[in-house]
Amino acid sequence: MDRPDDQPFNDPHRRDPMPTIRVEMFEGRTLEQKRALAQALTEATVRTLGGSPEAVDILFYDIARQDWATGGKLWSDPAPPPAG
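Sequential numbering from 3 applies to the sequence shown in the working numbering.
Some clues are possibly wrong.
Computed beta-carbon distance windows for the label pairs [as the list claims (entries may be wrong)]: (1) Pro55 x Met27: 49 to 57 Å; (2) Ala85 x Pro55: 45 to 53 Å; (3) Ala71 x Ala42: 27 to 35 Å; (4) Pro83 x Gly53: 48 to 56 Å.
In short, the hints are calculated from the structure, not lab data.
For glycine and all other residues, C-beta sits at the position ideal for the given N, C-alpha and C.
Given only the sequences and the hints, what does the whole structure look like? Please build it.
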């Protein structure tokens, strides 16, 4: 039995649960870029796992460079001068 069109996507009892994809990236992407990424991720998820596009949730988290560190260094810190 398929899910009726009027059943809310956020209904916890829906029959076709799919993953929620969390995308963390530096802030600054445009809405068009996010739309394109959401579409590509949704298509890949449905192609790989089955189900329907309406069941795929994608959450975007825009992170400021001062809120992200790699190797103990904030991305907002200036890059060290090249050696040599």
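Hints and how they fare:
no.	hint	result
1	Pro55 x Met27: 49 to 57 Å	violated (22 Å)
2	Ala85 x Pro55: 45 to 53 Å	holds (49 Å)
3	Ala71 x Ala42: 27 to 35 Å	holds (28 Å)
4	Pro83 x Gly53: 48 to 56 Å	holds (51 Å)
The earlier numbered hint that this structure contradicts is number 1, and it is the only one.
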